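Q: If you want the building blocks of each chain, they are given just below.
There are 2 protein chains.
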Amino acid sequence: MAEDNSIFVGAKPFMNYVTGVVMQFTTKGADTVTVKARGKFISRAVDVAEVAAKRFLEGAVEPRGININSEEFTNKEGKQVRVSTIEIALSRKDAS
Amino acid sequence: MAEDNSIFVGAKPFMNYVTGVVMQFTTKGADTVTVKARGKFISRAVDVAEVAAKRFLEGAVEPRGININSEEFTNKEGKQVRVSTIEIALSRKDAS
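Protein chains in written order, with the working numbering: chain A, 81 to 176; chain B, 81 to 176.
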């Protein structure tokens, strides 16, 4: 894997992220694009990955590895909180 | 894999799902528990899996395979919509 391009999903308009993923594959010729998110944006990251792979790049790209994790930290109120994270690696089907 | 126990995450109190996962491992002796969700509950499913694996079953259980998918259907207003899904398989580390 020569390239590792990431898209971090947050509160911007949904299609910004989808376009970002698609462009990495089509314009930049990436073999793998990793869609990342934290907390409540995890659902959105899955939507972005699915729409990019199934609607815009259908047949050419697939999820090749999905990792979840979580980070524990102390927030402003001194309370210990855990936030989950996800990383979805989308790869060209013809890439090894 | 002899057992395939699923927990479907929705709008009930968060700890219900965590307890459900933990009980499958501890009381029912499951080797693998699959945490599933659709749409906006995907973030929650990741939280459930992380809290169960890292806080309650620390060291004994890990995510062994995560799949995302999506279903396209026509809603009540006749509009075509896509809903994403996730399945997170948690397995005992000592299970093969």
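Watch out, some of these pointers could steer you wrong.
To be verified - Result set (EDC-like, lysine to aspartate or glutamate): computed pairs, CA atoms no more than 20 Å apart in a straight line:
| id | chain 1 | residue 1 | chain 2 | residue 2 |
| --- | --- | --- | --- | --- |
| 1 | A | 134 | B | 111 |
| 2 | A | 116 | B | 167 |
| 3 | B | 134 | A | 167 |
If you are wondering where the hints come from, they were derived from the structure by calculation, not from laboratory data. As the structure is a computational prediction, the values presented were derived from the model and not from experiment.
Q: Checking one constraint from the list: CA of residue 116 (chain A) to CA of residue 167 (chain B), max 20 Å. Satisfied?
A: holds, 17 Å
Q: Hint check: residue 134 (chain B) vs residue 167 (chain A), CA-CA at most 20 Å. Holds or violated?
A: OK: residue 134 (chain B) and residue 167 (chain A) at ~18 Å, within 20 Å.
Q: Next pair to validate is residue 134 (chain A) with residue 111 (chain B); report whether the Cα-Cα distance is within 20 Å.
A: Not OK: residue 134 (chain A) and residue 111 (chain B) at ~32 Å, beyond 20 Å, violated.
Hint compliance for this structure: hint 1 alone is broken.
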